[in-house]
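Student: Here are the chains, one letter per residue:
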Amino acid sequence: NAGVMQNPRHLVRRRGQEARLRCSPMKGHSHVYWYRQLPEEGLKFMVYLQKENIIDESGMPKERFSAEFPKEGPSILRIQQVVRGDSAAYFCASSPSSRSKRTSGTHEQYFGPGTRLTVT
Amino acid sequence: LAKTTQPISMDSYEGQEVNITCSHNNIATNDYITWYQQFPSQGPRFIIQGYKTKVTNEVASLFIPADRKSSTLSLPRVSLSDTAVYYCLVGDRTPLRQLTFGSGTQLTVLP
Numbered sequence: 001n002a003g004v005m006q007n008p009r010h011l012v013r014r015r016g017q018e019a020r021l022r023c024s025p026m027k028g029h030s031h032v033y034w035y036r037q038l039p040e041e042g043l044k045f046m047v048y049l050q051k052e053n054i055i056d057e058s059g060m061p062k063e064r065f066s067a068e069f070p071k072e073g074p075s076i077l078r079i080q081q082v083v084r085g086d087s088a089a090y091f092c093a094s095s096p097s098s099r100s101k102r103t104s105g106t107h108e109q110y111f112g113p114g115t116r117l118t119v120t
Numbered sequence: 121l122a123k124t125t126q127p128i129s130m131d132s133y134e135g136q137e138v139n140i141t142c143s144h145n146n147i148a149t150n151d152y153i154t155w156y157q158q159f160p161s162q163g164p165r166f167i168i169q170g171y172k173t174k175v176t177n178e179v180a181s182l183f184i185p186a187d188r189k190s191s192t193l194s195l196p197r198v199s200l201s202d203t204a205v206y207y208c209l210v211g212d213r214t215p216l217r218q219l220t221f222g223s224g225t226q227l228t229v230l231p
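Those protein sequences? They're chains H and S, same order as listed. Residue numbering for the first sequence follows my numbering, starting at 1 and increasing by one per position. Residue numbering for the second sequence follows my numbering, starting at 121 and increasing by one per position.
No lab work stands behind these hints, which were simulated from the structure alone. Take the hints with a grain of salt, since some may be wrong.
Cβ-Cβ distance ranges computed for the label pairs, FRET-style [as the list claims (entries may be wrong)]: (1) H:Leu-38 - S:Thr-228: 19 to 25 Å; (2) H:Lys-71 - S:Ala-186: 46 to 52 Å; (3) H:Pro-61 - S:Thr-141: 31 to 37 Å; (4) S:Gln-162 - H:Val-83: 24 to 30 Å; (5) H:Glu-72 - S:Thr-176: 38 to 44 Å; (6) S:Ala-148 - H:Gly-3: 40 to 46 Å; (7) S:Leu-230 - H:Ser-66: 40 to 46 Å; (8) H:Ser-66 - S:Ala-148: 29 to 35 Å.
None of the values given here were measured: they were computed from a predicted structure. Virtual Cβ for every residue (Gly too), placed ideally from N, Cα, C.
My request is simple: use the sequences and hints to build the entire structure.
Tutor: Okay, structure coming up:
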């Protein structure tokens, strides 16, 4: 069972360009979370999505950032008109649905390897 | 959400037992304590979770005193590969919601 997949692993963009980060959750998981980690800091929650729905986007900047999790395909975090302050590691996590027998009610989320975005 | 406080960094030597303590003075009755581990250039990985007393799994032990205002992650006989950042999280066991990470503890295991 493959883990959470993220691509690309490294992404370099010039200021003003668009960045698209992709996340494929673990098989059978229908919940996706995006986190951002600035250098020397802990992870900060950005957005929580289910298939075709945004559940909580309270941690995502109102401008330039958007996220989706379509019925088919990976979840995508999109950053428009990137600035140098967007340089960070972006991690995706997934978890099974609350009805899954595998869910024990823990905080357990399964994280991907991250995408390191560098804005030049 | 309960605020957590951990040491910024710790050093240890191979083969030693390492104890990392986390303070969470305003922990709520429904809150659990969870620890994640993050290696460089990787996403965090769940280690252990507990509510009170002691929890042990194949990786670590978690000690929680009766007042639950702190907890201690214990790693037996660490190796160089245990060098990582360890995060203490506190919250209720509602699944499917965001996790709140603090700054974590950078553990460095020396040869």
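Student: It remains to establish, for every hint, whether it holds in the given structure.
Tutor: Taking the hints in turn, this is what the structure says about them:
The hinted window of 19 to 25 Å between H:Leu-38 and S:Thr-228 holds, with their beta carbons roughly 21 Å apart. With their beta carbons about 49 Å apart, H:Lys-71 and S:Ala-186 fall inside the hinted range of 46 to 52 Å. Take H:Pro-61 and S:Thr-141: their Cβ atoms lie about 34 Å apart, and the range 31 to 37 Å holds. Checking the proposed 24 to 30 Å range against S:Gln-162 and H:Val-83 shows it holds: the Cβ atoms sit about 26 Å from each other.
Restraint check, H:Glu-72 to S:Thr-176: a C-beta distance of roughly 42 Å satisfies the suggested window 38 to 44 Å. For S:Ala-148 and H:Gly-3, the Cβ-Cβ distance of about 32 Å falls outside the hinted range of 40 to 46 Å, so the restraint is violated. The supplied range of 40 to 46 Å is met by S:Leu-230 and H:Ser-66, whose beta-carbon atoms lie about 45 Å from each other. Evaluation of the 29 to 35 Å hint for H:Ser-66 and S:Ala-148 yields a pass: the beta carbon distance comes to about 34 Å.
Going through the hint list in order, the structure does not satisfy hint 6, though it satisfies all others.
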